[in-house]
Amino acid sequence: MNTDIYSESPVVHEPAFIDGHSVEIPILKILKQDGSIYKNAAMPNIDQELATKTYKTLAFHRVLDERMVAAQRQGRISFYMAALGEEAASVGGAAGLKDQDMIMAQYREQGALMFRGFSLENFMNQMFSNEKDLGKGRQMPIHYGSRELNYMTISSPLGTQIPQAAGYAYGQKMQGLDAVTICYFGEGAASEGDFHAGLNMAAVHQAPVIFFCRNNGYAISTPSEEQYVGNGIASRGVGYGMKTIRIDGNDILAVIAAVQLSREYAIKEGKPVLIEAMSYRLGAHSTSDDPSGYRTREEEAKWQEHDPILRMKNWMLAQGWWDEAQETALFEKLRDEVLAAVKVAEKIAKPPVEDLITDVYDQVPPLLQSQFDELKVHIKKYPQAYPFTAGRIK
Amino acid sequence: MAQMNLLQAINSALDTVMAENDRAVCFGEDVGHFGGVFRATSGLQEKYGKSRCFNTPLVEQGVIGFANGLAAQGSTAIAEIQFADYIFPAFDQIVNESAKFRYRSGNEFNVGKLTIRTPYGGGIAGGLYHSQSPEAYFAHTPGLKVVVPRNPYQAKGLLLASIRDDNPVIFFEPKRLYRASVGEVPAEDYELPLGKAEVVQKGSDITLLAWGAQVEIVEKAAALAAADGISCEIIDLRTILPWDIETVANSVTKTGRFVVSQEAPLTAGFASEIAATIQQECFLHLEAPIARVCGMDTPYPLALEKEYAADHLKIYEAIKNSMTY
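Chains as they are written, first to last, in the working numbering: chain A, 1 to 394; chain B, 395 to 719.
Errors might be hidden in some of the hints.
To be verified - From the structure, some residues in chain A lie toward chain B, with a derived Cβ separation under 7 angstroms:
id	residue
1	56
2	135
3	139
4	149
5	163
6	168
7	170
8	171
9	193
10	194
11	201
12	301
13	302
14	360
15	364
16	367
As the list claims (entries may be wrong) - Here are the computed lysine to any residue pairs in the SDA-like style, where the Cα-Cα straight-line distance is at most 25 angstroms:
id	chain 1	residue 1	chain 2	residue 2
17	B	700	B	528
18	B	590	A	374
19	B	444	A	178
20	B	648	A	370
21	A	271	B	440
22	B	648	A	366
23	A	271	B	638
24	A	271	B	452
25	B	590	A	317
26	B	700	B	521
27	A	376	B	501
28	B	441	A	270
29	A	302	A	317
30	A	268	B	442
31	B	444	A	174
32	B	444	A	242
33	A	268	B	521
34	A	268	B	468
35	A	376	B	638
36	A	98	B	468
37	B	441	A	174
Keep in mind the hints are simulated off the structure, nothing from the lab. Source: prediction; values computed, not measured. Virtual Cβ for every residue (Gly too), placed ideally from N, Cα, C.
Could you put the whole structure together from the sequences, leaning on the hints where they help?
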């Protein structure tokens with residue numbers, strides 16, 4: 001039993017409470033909105049190549065989100081979740097990692113998947129639930145996943161990935177791999193039991209996880225001040241005995257720096273880290289949400305001034321790594337590509353009816369097979385009611 | 395062949411897996427040096443080290459969440475939930491995560507290497523929270539396999555098959571029999587098939603079906619009926635999900651009478667699912683209504699445990715009622 005914590009504590013003989021906000025947590029900022037660097041700021045390990053790839057990913061992210069929100073409004077897809085204003089958290093996270101690191105996201109981290117090279121076609125096929133979707137048309141739009149790119153398939157229940165990340169990283173460490181797991185979640189999901197379970201499991205079992213909290217101020221309509229009263233999410237990392245850092249989540253260089261250092265630490269010490277990235281969800285929670293019911297235009301306008309993509313662009317311009325002509329050409333090209341990809345993906349057929357019963361188990365059990373056989377007979381009897389599959393039944 | 399009790403048989407299965415597969419990991423509350431509150435993991439930490447057999451913090455959703463991640467990573471994750479009564483904090487991780495991992499990802503990822511071991515069942519003066527049989531909750535979840543052994547030989551063979559099966563399995567261990575059930579168990583490696591029921595006694599007049607600790611109760615009832623000249627065919631279902639309809643339906647087609655018994659409460663228990671299916675499969679062969687002999691629709695009692703339980707006498711009565719219908 002480890003009783004040191006008690007023997008080392010100073011002893012008092014009058015009740016002395018510790019204030020809930022007594023732990024002061026600084027916030028890391030490297031890049032100013034005008035593209036200049038704070039004096040004496042410690043830069044991440046980033047060269048022109050990584051910077052350009054990161055910036056192009058941010059641009060792709062912004063364009064895809066804009067176009068797909070519009071596509072949802074036009075009724076072409078059922079649902080979408082944009083990450084407007086907080087793209088730096090996911091893109092910067094992936095930029096600070098290695099390709100062999102597992103990414104276990106919540107749902108608003110498509111930027112990390114873009115950075116890894118998930119193709120526009122793959123994004124589209126998932127959103128249109130067509131037969132080329134890697135997920136076989138089983139999940140709502142934006143629930144991406146890719147074994148090849150080490151991006152765990154998204155699950156809607158909030159926070160379930162947090163203890164899973166502890167287990168995944170424990171396995172990586174047991175195998176002696178040069179790999180960590182990054183686990184994204186929001187400040188709202190940090191209220192779930194799985195958050196506390198996962199952080200404690202990772203800390204106790206010394207799993208190399210980078211827990212990355214995107215504190216974007218809102219859980220759907222609930223503002224963070226109605227989510228918790230402690231000192232953000234970072235203070236909880238301290239409680240779990242975990243190395244913790246708070247950063248400006250709209251500062252791409254701060255994100256990359258924090259993730260690079262966390263990765264190094266997680267591998268070297270074999271222990272988890274908590275990053276709390278302060279940001280703001282400029283868009284709606286999802287296309288099913290309307291923020292005008294719970295917050296003001298003034299509040300949103302204030303945060304528009306902290307746009308992480310514009311901030312990085314300003315830095316790129318100052319570095320001489322980017323110019324306005326490139327900017328215009330890139331956004332034009334991306335918009336054209338996304339529009340064209342939408343038109344292709346929406347014409348691809350729905351998954352075959354066989355995909356209804358595969359992957360429930362490794363093999364189809366007899367009872368499920370007989371249910372399926374009955375279904376085929378039924379579809380053949382009423383083909384007009386099942387137009388996507390009736391013509392393709394063997 | 396060695397005589398083992400059910401705990402020793404489970405320990406032997408875990409030992410077998412951990413020896414052959416250095417990515418097999420056992421963990422749960424008090425599972426490490428102490429060997430679990432029932433001692434199912436005794437000696438494993440000493441043999442395979444702290445990184446492969448360890449205590450977890452007291453957080454069931456954390457244990458199963460961790461296990462899901464570990465299995466998704468490719469390790470063989472063998473998690474213990476100390477009592478099945480305490481599995482519910484992990485319900486979301488099991489029902490929404492373990493069960494759907496493969497399907498929702500289009501088989502990009504799976505947790506086929508996950509096995510959850512947990513002691514279940516009553517008859518040990520455990521009251522509400524050390525006696526439940528929650529198999530039906532999980533049987534309602536496509537993607538899971540649910541397995542229940544009845545004795546030490548079955549326990550080792552079914553647990554080895556469960557751990558090696560490429561699907562998440564919940565393995566319910568009948569804790570009343572942990573030490574009470576003793577039998578011959580091979581020291582070597584063997585597997586018993588999942589999804590396959592076993593006819594444990596041939597008979598011609600009536601079919602009796604149960605699983606886990608309830609098989610022994612049914613056998614006792616069958617012995618009483620045999621004294622009355624009634625020949626009972628007894629089937630141990632062994633796997634609840636996916637269950638072996640064929641073996642049960644063939645038997646009922648032959649006997650024309652069917653009693654199914656479970657420890658859990660009657661309403662919406664797995665016995666009800668079986669009754670509905672067998673009614674459909676064997677309708678023209680049935681000589682009497684299918685009878686379910688189950689726990690009552692109350693929380694599991696303490697002082698009145700005997701009255702509550704689906705004991706051999708209640709099953710014996712159901713057999714006679716069926717025979718004289």
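These are the hints, each one checked on the structure:
1. 56: Since chain B brings no Cβ nearer than about 26 angstroms to residue 56 of chain A, farther than 7 angstroms, the hint is violated.
2. 135: holds, 4 angstroms
3. 139: holds, 6 angstroms
4. 149: violated, 10 angstroms
5. 163: holds, 3 angstroms
6. 168: Constraint on residue 168 of chain A satisfied, holds at 4 angstroms.
7. 170: Because about 6 angstroms separates residue 170 of chain A from the closest Cβ in chain B, which is inside the 7 angstroms limit, the hint holds.
8. 171: Constraint on residue 171 of chain A satisfied, holds at 3 angstroms.
9. 193: holds, 6 angstroms
10. 194: holds, 6 angstroms
11. 201: holds, 5 angstroms
12. 301: For residue 301 of chain A, the interface hint is violated, since the closest Cβ of chain B sits about 39 angstroms away, which is over 7 angstroms.
13. 302: Violated. Min distance 37 angstroms.
14. 360: With Cβ-Cβ at 5 angstroms, under 7 angstroms, it holds.
15. 364: Since chain B brings no Cβ nearer than about 10 angstroms to residue 364 of chain A, farther than 7 angstroms, the hint is violated.
16. 367: holds, 6 angstroms
17. B:700 to B:528: Roughly 19 angstroms separates the two Cα atoms, so the pair holds.
18. B:590 to A:374: Holds - the C-alpha atoms of residue 374 of chain A and residue 590 of chain B are around 23 angstroms apart, at most 25 angstroms.
19. B:444 to A:178: Holds, at about 21 angstroms.
20. B:648 to A:370: Holds: residue 648 of chain B and residue 370 of chain A sit about 23 angstroms apart, inside 25 angstroms.
21. A:271 to B:440: Given that 25 angstroms is the threshold and the Cα spacing comes to 24 angstroms, the pair holds.
22. B:648 to A:366: OK: residue 648 of chain B and residue 366 of chain A at ~22 angstroms, within 25 angstroms.
23. A:271 to B:638: Violated - the C-alpha atoms of residue 638 of chain B and residue 271 of chain A are around 46 angstroms apart, more than 25 angstroms.
24. A:271 to B:452: Given pair residue 271 of chain A, residue 452 of chain B holds - Cα atoms ~20 angstroms apart, limit 25 angstroms.
25. B:590 to A:317: The given pair, whose Cα atoms are some 68 angstroms apart, is violated under the 25 angstroms limit.
26. B:700 to B:521: Between residue 700 of chain B and residue 521 of chain B the Cα gap is close to 12 angstroms, so the pair holds against 25 angstroms.
27. A:376 to B:501: holds, 23 angstroms
28. B:441 to A:270: Status holds; Cα separation ~23 angstroms.
29. A:302 to A:317: holds, 24 angstroms
30. A:268 to B:442: The given pair, whose Cα atoms are some 24 angstroms apart, holds under the 25 angstroms limit.
31. B:444 to A:174: Holds, at about 11 angstroms.
32. B:444 to A:242: holds, 21 angstroms
33. A:268 to B:521: violated, 49 angstroms
34. A:268 to B:468: Holds, at roughly 22 angstroms.
35. A:376 to B:638: holds, 23 angstroms
36. A:98 to B:468: The given pair, whose Cα atoms are some 20 angstroms apart, holds under the 25 angstroms limit.
37. B:441 to A:174: holds, 17 angstroms
When held up to the earlier numbered hints, the structure conflicts with 1, 4, 12, 13, 15, 23, 25, 33 and fits the remainder.
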